[in-house]
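*Asks:* What follows is each chain in one-letter form.
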Amino acid sequence: QKEVEQNSGPLSVPEGAIASLNCTYSDRGSQSFFWYRQYSGKSPELIMFIYSNGDKEDGRFTAQLNKASQYVSLLIRDSQPSDSATYLCAVKGAAGNKLTFGGGTRVLVKP
Amino acid sequence: DAMVIQNPRYQVTQFGKPVTLSCSQTLNHNVMYWYQQKSSQAPKLLFHYYDKDFNNEADTPDNFQSRRPNTSFCFLDIRSPGLGDAAMYLCATGGGPLQETQYFGPGTRLLVL
Numbered sequence: 396q397k398e399v400e401q402n403s404g405p406l407s408v409p410e411g412a413i414a415s416l417n418c419t420y421s422d423r424g425s426q427s428f429f430w431y432r433q434y435s436g437k438s439p440e441l442i443m444f445i446y447s448n449g450d451k452e453d454g455r456f457t458a459q460l461n462k463a464s465q466y467v468s469l470l471i472r473d474s475q476p477s478d479s480a481t482y483l484c485a486v487k488g489a490a491g492n493k494l495t496f497g498g499g500t501r502v503l504v505k506p
Numbered sequence: 544d545a546m547v548i549q550n551p552r553y554q555v556t557q558f559g560k561p562v563t564l565s566c567s568q569t570l571n572h573n574v575m576y577w578y579q580q581k582s583s584q585a586p587k588l589l590f591h592y593y594d595k596d597f598n599n600e601a602d603t604p605d606n607f608q609s610r611r612p613n614t615s616f617c618f619l620d621i622r623s624p625g626l627g628d629a630a631m632y633l634c635a636t637g638g639g640p641l642q643e644t645q646y647f648g649p650g651t652r653l654l655v656l
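Top to bottom, those sequences are chains A and B. Throughout, our numbering is defined as the position within the first sequence, counted from one, plus 395. Throughout, our numbering is defined as the position within the second sequence, counted from one, plus 543.
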């Protein structure tokens, strides 16, 4: 069983719609959760991080964390073609500074 | 602007010919990481430094080594590159209150001929 799991996609959404991405993790002691966006051929770019249960909003992005169910999600509102990328979920475990990455979800926003 | 810089952006080497990739940062972060990322896969951690304290991942091949001469610079040495080592190599630094938020450089794409 993978430690951090994401649906590989592609997740196809029409422009202007909400894209919903999910990530589950196995380490119940995980403390910090990160979402990165990665365009093809480029390096990951930090979008958001979340530490506490609930929602955290930043512009068109909302991260949602439910530690009891061990999942974290990312919502992208008013999706734009420029949001087309792979979104990586990363989780910091109970100890150390290392992040465990999921395999990423590829998002395609169609005009 | 504070940033993470990687050089070169593209590196072509021959099978078995040693290669060194470099990373520098102006963020003054204590932690630096090296990842390998192959197409459509998650980044795979090779090793990381907490200050000068070196931490090797158990499954990192011996062919890969690293040096961190000071806070700003970190190097990845591949002693004898094989065809399977062709990948994007990502350097990241660790910041934030708990030094766990990772900021990536632009990456070096390595091609092995």
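FYI, nobody ran anything at the bench for these hints, they're computed from the structure. Treat the hints with caution; some may be incorrect.
Calculated cross-link-like contacts (lysine-lysine; reagent style PhoX-like; alpha-carbon spacing at most 20 Å) [to be verified]:
hint: 1; chain 1: B; residue 1: Lys560; chain 2: A; residue 2: Lys493
hint: 2; chain 1: A; residue 1: Lys451; chain 2: A; residue 2: Lys437
hint: 3; chain 1: A; residue 1: Lys462; chain 2: A; residue 2: Lys437
hint: 4; chain 1: A; residue 1: Lys437; chain 2: B; residue 2: Lys560
hint: 5; chain 1: B; residue 1: Lys581; chain 2: A; residue 2: Lys437
Stretch by stretch, here's where chain A covers chain B in the computed footprint (C-beta under 8 Å, at least three residues) [claimed, not checked]:
hint: 6; region: 617 to 628
hint: 7; region: 647 to 655
The C-beta atom is built at its ideal place from N, Cα and C for all residues, glycine as well.
*Asks:* Taking the hints in turn, state whether each one holds.
*Replies:* Against the structure, the hints:
{"no.": "1", "hint": "B:Lys560 x A:Lys493", "verdict": "31 Å, violated"}
{"no.": "2", "hint": "A:Lys451 x A:Lys437", "verdict": "26 Å, violated"}
{"no.": "3", "hint": "A:Lys462 x A:Lys437", "verdict": "31 Å, violated"}
{"no.": "4", "hint": "A:Lys437 x B:Lys560", "verdict": "26 Å, violated"}
{"no.": "5", "hint": "B:Lys581 x A:Lys437", "verdict": "12 Å, holds"}
{"no.": "6", "hint": "617 to 628", "verdict": "violated (count 0)"}
{"no.": "7", "hint": "647 to 655", "verdict": "holds (count 5)"}
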